[in-house]
Amino acid sequence: MNNYDLDYRMACTEVLEILKHMPKKQVEKIPRNVIISMERSKRYDYRFKFDTSKTVNEQNTSKTAKNILSGFYRDYWANDTIRKMILAKEKFDKKNNQTVA
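Count the sequence shown with the numbering used here and you get residues 1 to 101, in order.
The set of hints was computed from the structure by calculation and includes no laboratory data.
Here the structure is a predicted model, which is why all the values come from computation and not from measurement.
Virtual Cβ for every residue (Gly too), placed ideally from N, Cα, C.
Be a bit skeptical, because a hint or two may be false.
Pairwise CB distance ranges, derived in the manner of DEER restraints [what the hints assert, rightly or not]:
#  : residue 1 : residue 2 : range
1  : Lys94     : Ser53     : 35 to 45 Å
2  : Asp51     : Gly71     : 16 to 26 Å
3  : Lys94     : Leu6      : 23 to 33 Å
4  : Trp77     : Arg47     : 21 to 31 Å
5  : Arg47     : Lys95     : 34 to 44 Å
6  : Lys66     : Lys94     : 10 to 20 Å
7  : Asn67     : Asn33     : 17 to 27 Å
8  : Arg83     : Val56     : 12 to 22 Å
9  : Ile35     : Arg83     : 26 to 36 Å
10 : Asn57     : Lys84     : 18 to 28 Å
Simulated crosslink set (SDA-like; lysine to any residue; CA at most 25 Å straight-line) [as the list claims (entries may be wrong)]:
#  : residue 1 : residue 2
11 : Lys24     : Ile35
12 : Lys63     : Ser41
13 : Lys91     : Asn67
14 : Lys66     : Asp7
15 : Lys49     : Lys84
16 : Lys63     : Lys84
17 : Lys66     : His21
18 : Lys63     : Arg9
19 : Lys94     : Thr64
20 : Lys63     : Tyr73
21 : Lys66     : Asp51
22 : Lys25     : Thr81
23 : Lys24     : Arg40
24 : Lys24     : Gln59
25 : Lys49     : Gln59
26 : Lys24     : Phe72
27 : Lys49     : Met38
28 : Lys63     : Ile86
29 : Lys95     : Lys54
30 : Lys25     : Asp5
31 : Lys54     : Pro23
32 : Lys95     : Ala78
33 : Lys29     : Met10
34 : Lys20     : Lys89
35 : Lys24     : Arg43
36 : Lys94     : Tyr76
37 : Lys66     : Met10
38 : Lys29     : Thr81
39 : Lys25     : Trp77
40 : Lys29     : Phe48
Starting from the given sequences, assemble the full structure and let the hints guide the process.
Here it is in structure tokens:
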């Protein structure tokens, strides 16, 4: 197993724990198969403690977990206007990264 696999599995554990502390209506917007896939991928030997005195952004989470949550925001929680803005920025950033490389 490579580091990416371990990092992703730890991130799944972190994200699933964070979702336990979010409003049910927000979590229900994520397709069930995505949640099931993350449950199957998580690391059972890794414990992530959600600190209720901190916001989601203040939690000590991995970069991969933050990227997963950002994707959830873009795909499931943002309104159409915000989603279009995020997608435009991602497209712009991707284009800029390709021209720099």
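Now the hints, each set against the structure:
Here the CB-CB span from Lys94 to Ser53 is close to 37 Å, well matched to the stated 35 to 45 Å. About 23 Å separates the C-beta atoms of Asp51 and Gly71, a value consistent with the hinted range of 16 to 26 Å. A beta carbon spacing of about 26 Å between Lys94 and Leu6 agrees with the range 23 to 33 Å that was offered as a hint. About 26 Å separates the C-beta atoms of Trp77 and Arg47, a value consistent with the hinted range of 21 to 31 Å.
Between Arg47 and Lys95, the C-beta spacing of about 40 Å keeps the proposed range 34 to 44 Å intact. At roughly 18 Å, the beta carbons of Lys66 and Lys94 sit within the given window of 10 to 20 Å. Take Asn67 and Asn33: their Cβ atoms lie about 19 Å apart, and the range 17 to 27 Å holds. Between Arg83 and Val56 the beta carbon distance is about 19 Å. The supplied range of 12 to 22 Å therefore holds.
The hint said 26 to 36 Å for the Cβ distance between Ile35 and Arg83, and at roughly 20 Å that hint is violated. At roughly 23 Å, the beta-carbon separation of Asn57 and Lys84 lies within the given 18 to 28 Å, and the hint holds. Distance hint between Lys24 and Ile35 is fulfilled; the C-alpha atoms sit about 13 Å from each other, no more than 25 Å. Between Lys63 and Ser41, the direct Cα distance comes to roughly 17 Å. Compliance with the 25 Å bound is thereby established for this hinted pair.
Of the supplied pair hints, the one linking Lys91 and Asn67 holds, its CA atoms being roughly 16 Å apart against a limit of 25 Å. Distance hint between Lys66 and Asp7 is fulfilled; the C-alpha atoms sit about 12 Å from each other, no more than 25 Å. Our distance criterion of 25 Å between C-alpha atoms is broken by Lys49 and Lys84, whose separation comes to about 33 Å. The hinted pair formed by Lys63 and Lys84 meets the criterion: a straight-line CA distance of about 23 Å does not exceed 25 Å.
For the hint linking Lys66 to His21, the alpha-carbon distance of about 15 Å falls within 25 Å, and the restraint holds. Taking the CA atoms of Lys63 and Arg9, the gap is near 12 Å; set against the 25 Å cutoff, the hint holds. For the given pair, Lys94 sits about 18 Å from Thr64 by alpha-carbon distance, which is consistent with the 25 Å threshold. Taken as a hint, the Lys63 and Tyr73 pair is honoured in the structure, with Cα atoms around 15 Å apart against an allowance of 25 Å.
Distance check on the hinted pair: Lys66 and Asp51 sit about 16 Å apart at the alpha-carbon level, within 25 Å; holds. Among the hinted pairs, Lys25 with Thr81 is consistent with the structure: their alpha-carbon atoms are about 20 Å apart, no more than 25 Å. Proximity of Lys24 to Arg40 is assessed by CA-CA distance (about 21 Å); at most 25 Å being required, the pair is judged to hold. Of the supplied pair hints, the one linking Lys24 and Gln59 holds, its CA atoms being roughly 19 Å apart against a limit of 25 Å.
With a CA separation close to 9 Å, the supplied pair Lys49 and Gln59 stays within the 25 Å bound. A threshold of 25 Å between alpha carbons decides the hint, and for Lys24 with Phe72 the separation of about 14 Å falls inside it, so the pair holds. Between Lys49 and Met38, the direct Cα distance comes to roughly 17 Å. Compliance with the 25 Å bound is thereby established for this hinted pair. Restraint check for Lys63 and Ile86: satisfied, since their Cα atoms lie roughly 18 Å apart, inside the 25 Å limit.
Taken as a hint, the Lys95 and Lys54 pair is broken in the structure, with Cα atoms around 35 Å apart against an allowance of 25 Å. With a C-alpha separation of about 30 Å, the suggested pair Lys25 and Asp5 falls outside the 25 Å cut-off, and the hint is violated. Under the criterion of a C-alpha separation no larger than 25 Å, the hint pairing Lys54 with Pro23 is consistent with the structure, at around 16 Å. Straight-line distance between C-alpha atoms of Lys95 and Ala78 comes to about 23 Å, which keeps the hinted pair within the 25 Å bound.
Under the criterion of a C-alpha separation no larger than 25 Å, the hint pairing Lys29 with Met10 is consistent with the structure, at around 22 Å. For the hint pairing Lys20 with Lys89, the CA-to-CA distance comes to about 30 Å; that exceeds 25 Å, so the pair is violated. Taking the CA atoms of Lys24 and Arg43, the gap is about 23 Å. The hint holds against a cut of 25 Å. Our distance criterion of 25 Å between C-alpha atoms is met by Lys94 and Tyr76, whose separation comes to about 22 Å.
This hinted pair checks out: Lys66 and Met10 have alpha carbons roughly 12 Å apart, not beyond 25 Å. A distance of roughly 18 Å separates the Cα atoms of Lys29 and Thr81; the hinted pair therefore holds under the 25 Å criterion. A C-alpha spacing of about 10 Å is found between Lys25 and Trp77, which places the hinted pair at or below 25 Å, so the restraint holds. A C-alpha spacing of about 23 Å is found between Lys29 and Phe48, which places the hinted pair at or below 25 Å, so the restraint holds.
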